[in-house]
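*Asks:* Each chain, written out:
2 protein chains.
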Amino acid sequence: MLSEKIVAGLTEQLISHLFVQVEASGRHVHLCRSDIDQLFGAGYQLTRIRDLSQPGQYVCEERISVTGPKGTIKNVVVLGPERKETQIEISMTDGLALGIKAPIRQSGQIHNTPGATLSSEKSSITINQGVIVAKRHIHLHPDDAARFQLQDNEIIKIKVFGDRSLIFDEVVARVNKNFKTSVHIDYDEANGCGFKKDMLGIILK
Amino acid sequence: MLSEKIVAGLTEQLISHLFVQVEASGRHVHLCRSDIDQLFGAGYQLTRIRDLSQPGQYVCEERISVTGPKGTIKNVVVLGPERKETQIEISMTDGLALGIKAPIRQSGQIHNTPGATLSSEKSSITINQGVIVAKRHIHLHPDDAARFQLQDNEIIKIKVFGDRSLIFDEVVARVNKNFKTSVHIDYDEANGCGFKKDMLGIILK
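Going down the list, the protein sequences come from chains A and B. Sequential numbering from 1 applies to the first sequence in this note's numbering. Sequential numbering from 1 applies to the second sequence in this note's numbering.
Misleading hints may appear alongside valid ones.
To be verified - Derived SDA-like pairs (lysine to any residue); straight-line CA-CA distance at most 20 angstroms: (1) B/Lys196 / A/Leu96; (2) B/Lys84 / B/Val59; (3) B/Lys177 / B/Ser107; (4) B/Lys135 / B/Lys157; (5) B/Lys197 / A/Ile104; (6) A/Lys101 / B/Phe195; (7) A/Lys196 / B/Leu96.
Please keep in mind that the hints were generated in silico from the structure rather than gathered at the bench.
Make the full structure from the sequences, and use the hints.
*Replies:* Printed below as a string of structure tokens:
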């Protein structure tokens, strides 16, 4: 009876220790139709230059400046496609430079977040909300979610290795058939954990 | 017999789960006598303006600029007292701005590390080594080390809480009778874990 339990425990451990790709996301903006119109001209279409790891998401040629009470960050990349609402994702380090106290939020949850001024070469707009620090998360394809026995919105841990090895707690699992499985952290987290390209993590439930 | 083991296991767990103060260290330099002479004048004495949490360590009025191949960071604080060897502690974010690939090292371990140019208002010097990213560590007074059952140089884990909760792995315990017990992380790690002043951590062995 006891040995059965031990075996069951070991199996659980094995299932819950699995490698996933870790990616670091730099600061970027997603723009809504009306903000694209105002920044780049009515009906302007964003220019795709490179696909991102998440299917359908891409880097655009367009760059904008983000300005807060304390400073400006230039040359911030615009990611496509356009979204229902404009969202600016920065690091806490960026927030200090801009003087914007952005909360840690999941993408899309921009209610009650601070705004900023966005500028293209042509014009500027001030948005009232939309600046967030992205909450660390794992994109999961449903096949991987099933294999790892993870549910959408489940909170898991991810361990990374190296001389700044650490275990990220509070990683939100987001399951969607359009996702490629990978962990997304921001550059503060990346620097804090000694991130290197093609770094792998292990899922700890 | 089994229940005794369970109780022993629980006691061990309780001992290993203890709160400690977490502090974030900003970029700073420690200067040796000859570098002080060259930057500020022969025989110059550093000006103490505020004590640090570690007994005997203090913030100086003096500020210097640190320059690497890609940029300069101005207004870097000098910490006293003077040391046997000059050491510049930056974050990985700083390293990117400076164009200096600083390794993660314990304080004092500056063999084979990159150099930088240091400038005061009076003069500049170029040092051949001494730029590091500080390896996260816990300063322990021997009384606390005994209470927590930790040895000098032991590697432990520290868990911190909040919406960027994580477990720092690879935390070096440094035990010295001159230390006040506290965990030191840098600003990348601080931003990566949602650091707030007076944050507490839990020791996990």
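*Asks:* Take the hints in turn and mark each one as holding or not.
*Replies:* Taking the hints in turn, this is what the structure says about them:
no., hint, in the structure
1, B/Lys196 / A/Leu96, "14 angstroms, holds"
2, B/Lys84 / B/Val59, "17 angstroms, holds"
3, B/Lys177 / B/Ser107, "17 angstroms, holds"
4, B/Lys135 / B/Lys157, "13 angstroms, holds"
5, B/Lys197 / A/Ile104, "17 angstroms, holds"
6, A/Lys101 / B/Phe195, "14 angstroms, holds"
7, A/Lys196 / B/Leu96, "14 angstroms, holds"
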